[in-house]
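Produce the complete structure using the sequences and hints provided.
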Amino acid sequence: MTTLKTQITDVLKAAMRAKEMDKLTVIRGLQAAIKQIEVDERVELDDSRVLAVIEKQIKQRKESIKAFEGANRQDLASKEQAEVEVLSQFLPAAMTEEELDSMIEQTIAAQQATSIKDMGKVMNSLRPIIAGRADPAQVSAKIKAKLA
Numbered sequence: 001m002t003t004l005k006t007q008i009t010d011v012l013k014a015a016m017r018a019k020e021m022d023k024l025t026v027i028r029g030l031q032a033a034i035k036q037i038e039v040d041e042r043v044e045l046d047d048s049r050v051l052a053v054i055e056k057q058i059k060q061r062k063e064s065i066k067a068f069e070g071a072n073r074q075d076l077a078s079k080e081q082a083e084v085e086v087l088s089q090f091l092p093a094a095m096t097e098e099e100l101d102s103m104i105e106q107t108i109a110a111q112q113a114t115s116i117k118d119m120g121k122v123m124n125s126l127r128p129i130i131a132g133r134a135d136p137a138q139v140s141a142k143i144k145a146k147l148a
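Per our numbering, residue 1 is the first one in the sequence shown, and the count goes up by one each step.
It should be emphasised that the hints constitute simulated quantities derived from the structure, not laboratory data. Mixed in with the good hints, there may be bad ones.
[Unchecked claim] Keeping only pairs whose Cα atoms sit at most 30 Å apart, straight-line, the calculated BS3-like set for lysine-lysine is:
#, residue 1, residue 2
1, 79, 66
2, 23, 62
3, 62, 5
4, 23, 56
5, 144, 79
6, 121, 142
7, 56, 117
8, 146, 79
9, 146, 66
10, 35, 117
11, 117, 142
Next up, the structure:
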């Protein structure tokens with residue numbers, strides 16, 4: 001099984017051959033962010049840490065999209081959206097609503113959560129399971145609704 005870093009490198013090479021400059025820029029930025037963490041912490045990142053870097057980059061771009069749309073700059077918002085799509089190809093398949101609801105119910109039962117005070121416990125135990133497969137903000141809202 002290939003690692004996520006290998007997949008990123010393969011896509012980078014394909015983008016170079018196809019001369020897809022926009023895609024190339026996004027993937028180089030991703031590799032730079034991964035390399036920066038590896039150099040700073042003197043570790044080799046595993047797939048879960050690489051996935052966290054990808055999620056962080058996607059989150060940053062989604063925030064930029066909101067800001068650009070608020071400033072009525074659709075040209076910049078669409079550029080950021082294209083970058084989100086390039087990065088999203090490295091994420092695992094998204095969870096369906098039913099899977100997500102079921103996972104939340106099971107975790108609430110397992111943690112014996114009864115009030116909104118227990119939300120942190122539930123969210124922390126779900127975080128590794130939903131990594132890259134569901135939006136944490138959406139999951140948090142669902143948990144809050146169930147515990148309220």
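Here is what the structure says about each hint:
1. 79 - 66: Holds, at roughly 12 Å.
2. 23 - 62: holds, 17 Å
3. 62 - 5: holds, 23 Å
4. 23 - 56: At roughly 18 Å apart (the allowed maximum being 30 Å), residue 56 and residue 23 satisfy the hint.
5. 144 - 79: violated, 33 Å
6. 121 - 142: holds, 14 Å
7. 56 - 117: Distance of about 26 Å is within 30 Å: holds.
8. 146 - 79: violated, 37 Å
9. 146 - 66: holds, 28 Å
10. 35 - 117: violated, 38 Å
11. 117 - 142: holds, 15 Å
In the structure shown, a violation is registered for the earlier hints numbered 5, 8 and 10, in ascending order.
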